[in-house]
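Engineer: The primary structure of each chain is shown beneath.
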Amino acid sequence: MKELRLMKGNEAFAEAAIRAGADGYFGYPITPQSEVMEYLMAEKPHERTGMVVLQAESEVAAINMVYGGAACGKRVLTSSSSPGISLKQEGISYIAGAELPCVILNVVRGGPGLGTIQPSQSDYFQSTKGGGHGDYKLLVLAPSSVQEMADFAGLGFELAFKYRNPVLILSDGAIGQMMEKVELDEQKPRWTEEEIIKNTPWATTGKTKNRERNIITSLDLDSGKQELHNIALQAKYREMEKNETRYEAISCEDAEYLIVAYGTSARLSQKAVDLLRAEGYKVGLLRPITLFPFPTAVIAKLADQVKGILTVEMSAGQMIEDVRLAVGCRVKVEHFGRMGGIIPSPTEVVDAMHKKIIGG
Amino acid sequence: MANITKEEIRKPENLVYKKTDLLTDKALSYCPGCGHGTAHRIVMEVLEEMDIQDKTIGIAPVGCSVLAYEFMNIDMQQAAHGRAPALATAVKRLHPDKFVFTYQGDGDLAAIGTAETIHACNRGENIVIIFINNGIYGMTGGQMAPTTLPGMKSSTSPYGRDVQTMGNPLKITELIAQLPGTIFVTRQAVHTPAHVRKTKKAIRKAFENQKLNKGLSFVEIVSNCNSGWKMTPLKSNEWMVDNMFPFYPLGDIKVNE
Chain F
129 MKELRLMKGN EAFAEAAIRA GADGYFGYPI TPQSEVMEYL MAEKPHERTG MVVLQAESEV
189 AAINMVYGGA ACGKRVLTSS SSPGISLKQE GISYIAGAEL PCVILNVVRG GPGLGTIQPS
249 QSDYFQSTKG GGHGDYKLLV LAPSSVQEMA DFAGLGFELA FKYRNPVLIL SDGAIGQMME
309 KVELDEQKPR WTEEEIIKNT PWATTGKTKN RERNIITSLD LDSGKQELHN IALQAKYREM
369 EKNETRYEAI SCEDAEYLIV AYGTSARLSQ KAVDLLRAEG YKVGLLRPIT LFPFPTAVIA
429 KLADQVKGIL TVEMSAGQMI EDVRLAVGCR VKVEHFGRMG GIIPSPTEVV DAMHKKIIGG
Chain W
2 MANITKEEIR KPENLVYKKT DLLTDKALSY CPGCGHGTAH RIVMEVLEEM DIQDKTIGIA
62 PVGCSVLAYE FMNIDMQQAA HGRAPALATA VKRLHPDKFV FTYQGDGDLA AIGTAETIHA
122 CNRGENIVII FINNGIYGMT GGQMAPTTLP GMKSSTSPYG RDVQTMGNPL KITELIAQLP
182 GTIFVTRQAV HTPAHVRKTK KAIRKAFENQ KLNKGLSFVE IVSNCNSGWK MTPLKSNEWM
242 VDNMFPFYPL GDIKVNE
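Going line by line, the protein sequences match chains F and W.
Every position in the first sequence, counted from 1, becomes a number in the numbering used here once 128 is added.
Every position in the second sequence, counted from 1, becomes a number in the numbering used here once 1 is added.
Hints were generated in silico from the structure; no laboratory data involved.
No residue lacks a Cβ here, since even glycine has one placed at the ideal position from N, Cα and C.
Certain hints may be false.
Stated by the list, open to error - List of simulated lysine-lysine pairs, BS3-like, C-alpha gap at most 25 angstroms:
1. F:Lys337 - W:Lys19
2. W:Lys27 - F:Lys326
3. W:Lys154 - F:Lys337
4. F:Lys290 - F:Lys364
5. F:Lys337 - W:Lys20
Said to hold, decoys possible - Here are the in silico distance ranges between beta carbons for each label pair:
6. W:Pro234 - F:Glu340: 32 to 38 angstroms
7. W:Pro194 - F:Leu349: 42 to 48 angstroms
8. F:Pro329 - W:Asp22: 39 to 45 angstroms
9. F:Arg176 - W:Val256: 35 to 41 angstroms
10. F:Gly468 - W:Val164: 43 to 49 angstroms
11. W:Lys12 - F:Asn338: 28 to 34 angstroms
12. W:Asp52 - F:Ile245: 30 to 36 angstroms
13. W:Thr115 - F:Asn371: 40 to 46 angstroms
Turn these sequences into a full structure, and let the hints guide you.
Structural biologist: The following block contains the structure:
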């Protein structure tokens, strides 16, 4: 039986993580995501499922605890907001290099630096283009509702273990803080020790006599082997592109103009689409749900159909680069956004559509 | 003895020493004369003697012992520089029935990983930390470490460590001993057979503490770095006795029963 609750995005994510059978959460407080750990501590998941929750001394320690737990085949996660996610980048690079599964939530706030505690989408480059050192990709999910904050906890673990890859949930301060109705899945049992050994034969669970030792490392001083490892990683990322691209197309069938937006920007852009359609303009909305892999093919196809595309982002325009790559100069692609923690209004988007796309 | 044949030497009754199966046959990457090999051996011998190798997860650091997992025939994880105690914390919390240890050098443990070290110790994580202190960054070519002695030369203190501008050496083990989470804090060495035996006993005690869920045990091993110190192995051991031991005196610092 699914359960209906009214929850904050951050709380819904935390509750869904417990229900997804998570083994451990390691975090450090930072606004606007502190409710994740607060909720977990109050819920005493150790008594509910045996899940471990630990407040680490830093974001750096927290992500390295995630490395240690993931290397044991456990379902582990962490959450933070932009400045804290920057601190985690070293650990994320190691986790990607060692091919460990985990879920990382970024409830984005405005930057750069300490910036602001208000919502932003200015971590798109960091999330999809690397963030840490080396050639690696995170599988990036972008929720646009409290429901998706909950759903992506379970989906995140599923994809993380399918590909032995860190999954980043790129949310923002608005989605994390807002309250909405959310349907929660039933409690899934945590994996038993036997299931962990069966499902993750690569994990460090103690070397028994019937197998070779398991080593979790991102190091290989032999450049030839390191290149082969990199080639294998790239092949894995291509598999993700083939199998895991997710998006939502709203009113795109007859669209003559298109808005591309994710997360909070997609919510307010949907209102802008309604307003523009009321004015008689056939506008559609393409909402990427995965930012890596990016829905390149569907945007490329829509570029043959529409006269112009506006990307709406709470940033100086970051995702627009991927949209332009998909479109390849066939139609005009412009950006509209606000920065520093300001959420644009739907009417601002309508105005931008008129100025930059429809009348431009 | 002079007349003993090869065949006779190989007879089981004449066997006086056998390398533990918990060390792989891979040639050690350490410089000849370095203490790391001995430290590896006694840690592995302790696991074998306690028969806990199938329940043990080791964490390798960044530094000379970054490749410890190549030589230790157990399940191991390789950590980012300084972060081994954070990894070990999660492994032990998620696997309270397993034995967990980190093996770290001075740069890893006492410089870049100071926060992870102190907080894992202060939380009293039920793990063992093996700390090799040779007062230098060996892996990267002999740079100044947090434990480099005053006046000691390194590639980044070529005229000797000037404490006025380069700061003082950090006695992190004494600092660790102040924390309520640590149960056993000791400083040992491995340059003579007698010291090796003593250090092995300390390591055994550390793992026995973990078995009894007593809290964090911290075993420092003051060691030589003949390459980094630019000395012969023998000279480096003499120099260690004359210079390192007065600053880092051997013995138990904290023993809580």
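Engineer: Next step is simple, just say for each hint if it's right about the structure.
Structural biologist: Consistency of the hints with the structure:
no.: 1; hint: F:Lys337 - W:Lys19; result: holds, 20 angstroms
no.: 2; hint: W:Lys27 - F:Lys326; result: violated, 29 angstroms
no.: 3; hint: W:Lys154 - F:Lys337; result: violated, 47 angstroms
no.: 4; hint: F:Lys290 - F:Lys364; result: holds, 11 angstroms
no.: 5; hint: F:Lys337 - W:Lys20; result: holds, 18 angstroms
no.: 6; hint: W:Pro234 - F:Glu340: 32 to 38 angstroms; result: holds, 33 angstroms
no.: 7; hint: W:Pro194 - F:Leu349: 42 to 48 angstroms; result: violated, 33 angstroms
no.: 8; hint: F:Pro329 - W:Asp22: 39 to 45 angstroms; result: violated, 22 angstroms
no.: 9; hint: F:Arg176 - W:Val256: 35 to 41 angstroms; result: holds, 39 angstroms
no.: 10; hint: F:Gly468 - W:Val164: 43 to 49 angstroms; result: holds, 45 angstroms
no.: 11; hint: W:Lys12 - F:Asn338: 28 to 34 angstroms; result: holds, 31 angstroms
no.: 12; hint: W:Asp52 - F:Ile245: 30 to 36 angstroms; result: violated, 53 angstroms
no.: 13; hint: W:Thr115 - F:Asn371: 40 to 46 angstroms; result: holds, 43 angstroms
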